[in-house]
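2 protein chains.
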Amino acid sequence: MAVDPPHHVVIVGAGFGGLEVARNLAKAPFRITVIDRRNHHLFQPLLYQVATASLATSEIAWPIRSLLRAYTNVTTLLGTVVGVNGPQKKVLLEDGAALSFDTLVLATGARHAYFGHDEWEPYAPGLKTIEDATTIRRRILSAFEQAERTPDEAERAKFLTFVIIGGGPTGVELAGTIAELARDTLRNDFRNFDTRQARVVLVEAGPRILPGFRESLSDYARRALTHLGVEVLLGQPVTRCTADSVEIGGQHLPAETILWAAGVAASSAAAWLNVPADRAGRILVQPDLTVPGHPDIFAIGDTAYVQMPNGKPVPGIAPAAKQEGRYVAGTIMARLRGRNSQPPFRYRDAGSLATIGKRAAVVDFGWIKLTGRVAWWFWGFAHIYFLIGLRHRLAVALNWLWIYFTGQRSARLITQGDRTP
Amino acid sequence: MAVDPPHHVVIVGAGFGGLEVARNLAKAPFRITVIDRRNHHLFQPLLYQVATASLATSEIAWPIRSLLRAYTNVTTLLGTVVGVNGPQKKVLLEDGAALSFDTLVLATGARHAYFGHDEWEPYAPGLKTIEDATTIRRRILSAFEQAERTPDEAERAKFLTFVIIGGGPTGVELAGTIAELARDTLRNDFRNFDTRQARVVLVEAGPRILPGFRESLSDYARRALTHLGVEVLLGQPVTRCTADSVEIGGQHLPAETILWAAGVAASSAAAWLNVPADRAGRILVQPDLTVPGHPDIFAIGDTAYVQMPNGKPVPGIAPAAKQEGRYVAGTIMARLRGRNSQPPFRYRDAGSLATIGKRAAVVDFGWIKLTGRVAWWFWGFAHIYFLIGLRHRLAVALNWLWIYFTGQRSARLITQGDRTP
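So the protein lines, in turn, are chains A and B. Just so it is clear: in the first sequence, position 275 is 275 by this note's numbering, and no numbers are missing. Just so it is clear: in the second sequence, position 246 is 246 by this note's numbering, and no numbers are missing.
In short, the hints are calculated from the structure, not lab data. In this text the structure is predicted, and so the values were computed from the model without any measurement. Glycine is no exception: its CB is placed at the ideal position from the N, C-alpha and C atoms. Fair warning: there could be bad hints in the mix.
As the list claims (entries may be wrong) - Among the chain B residues that face chain A by a calculated CB cut under 7 Å, a handful are: (1) Ala56; (2) Ser58; (3) Pro63; (4) Ser66; (5) Thr75; (6) Glu145; (7) Asn188; (8) Asp189; (9) Arg196; (10) Arg199; (11) Arg391; (12) Arg393; (13) Gly407; (14) Ser410; (15) Thr415.
Working from the sequences, and respecting the hints, build out all of it.
Put into structure tokens, the structure is as follows:
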């Protein structure tokens, strides 16, 4: 008796969305292949804490194949996808290999985008990967080291100026934590200057920071940042970045450290399939998250543009990617059982959170809002809850309690870039 | 009334030796400057655990200026020393700056050495810095990933062959841990091959591994490694390394991963001063650890060759460097009080330790020896005791207990080198 080979589901990208699809299909009669160009799943909401020396890299990353080890129908491949052949139903890998699929899920995520100013990237690094985080950490810590060695006052001011471009959650969290580093963590470590002289400038082109939150929370966050010593510039677009300065609304500001938290663009998935995308490169998916013209190809997370009934897009955050992943897994299962028509995906607002330093946060659930310490503790418990596995939870909790009570951050390593002979 | 400026002690290198000098002088009326080209002090005895994905980088490293923050007479500088002007009593920095000293302590450490085969370095990386450790970790983990993607049996065998050159403690510890990774940690993570097929080969040119230990312990270690599945080759020098093979005693062995644990050479300190050194570049210091002809310049740790009464050199291990650091601090203090003649440095043997995987170790105190589990627990407690600060101790203890009871290693990150577009 001939047995049909099991239906092959290929998932490209093991972020929050892709991993959720794999897990929800793992017990079903599919053959599943997860491809990622990195060997680890990254908890991006806490990446800014690696960049600011609060957490170690391995505390927010997990080997993908270890997360999926229990699911014997799942194979994990380390590989870079460079294209998709829709008609032949094949995924093309960088090394020339091709992988056939019956169903494909594109969960390839996003990179930071410079809105037509790619030349700014070397001067103003963004924050998406572990390497981005260690690069930013090196730049922040090296700036203080250079300030210690400079006798010149103007030079020192330049080394001690930190400009963060973009007032979304990442920008707010970076600005707040850098201010705390300068005012608290590093305060007694230098001899030739007072680290509290450091200027932390958060620049937002729009009228308020945290535009995804309700207005009163934006106001609160601005005041909380100001209280930490951060200068918040609103309605001021950055018009130029160089190696050691930034131009904001025509004004020139010497700054050694410039960080980019202003925008992201989706991966090349739309181009692979030559399908319509929004300005940020996200595929304009159907209500069931399939790619137009490709009923067996889904796009989720930052790869997809999904409109909500209120006309706004589903936000590019982890809970949204997970919900989409669960929905797609459900659709694939239903199809296996012969049910081909599914109700459209509906996003349930999971709330928005952002921290401002280690004492305050804002939480916006729509029906309730929290600020201050209560919000901070809520934020902390929520993030520990969403970390995978007891070990990571214990390690992060230990670090946070340590920082909370001592102000000391233990991951203050300047690595790479400083090549030793 | 004119006051003499305080005596300026410059310490180059914040390893175990340099740090010990700084700490022991910190309460005395000196001005002290510590220069290091890295911003962190590294606990090198555990570096192999970073290389084998057991510990995070920040768990065995401390920001130097944070360790010295309480000593207000100590200034820490991040900088690379490129020379010393003995007659003018100046230290020369890479950026052209010069720093005057009254007393200089050279504690500049060692790098791995290839005995005239520097062309092997790219193929067989050694283990001295955080970057070395993440490079080795990437190579080990990537080899397993490549094995998963190769259908060819010979290719796969090459990816699954790990050759460690050098049978000292680092080589033994790397070999034992890689064997455990293959047999235990990674066992259920791959679908296309059995990770227990991996070959781990430890090559030692001399007649036994752990030559610094008594012979019965070398024997025990060899048996314990063999029990873990490591092939131990004795009396076999490596005659050639290429990108994917190694030649041992004329025999060609295809191997994707080759690690170097065979030898170290001191930094360039002897050349800076143009003073006699041994073959490994260590300065032949006087009995009081001063550099011949330079009574105000001391050399300690891996920078110095110190002969013991039995004719053997003081070993290049952390306790020796610390003892030398304390001795030098004592000498500098005594001189301040006008006592210029000190008894010569005497090394007190602190014992030798090495682990073989997570169940066995060897401990040699001279008067007593330990093996097996008892030795392993002793090794573990000793190393946690010598870590600096409660936070690092807790973090490392948590990781070890986790590995001990679950077999899982959490720092399995492939980073750098895998550039994302």
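- Query: Which of the listed hints are broken here?
  - Reply: 9, 10, 12 and 13
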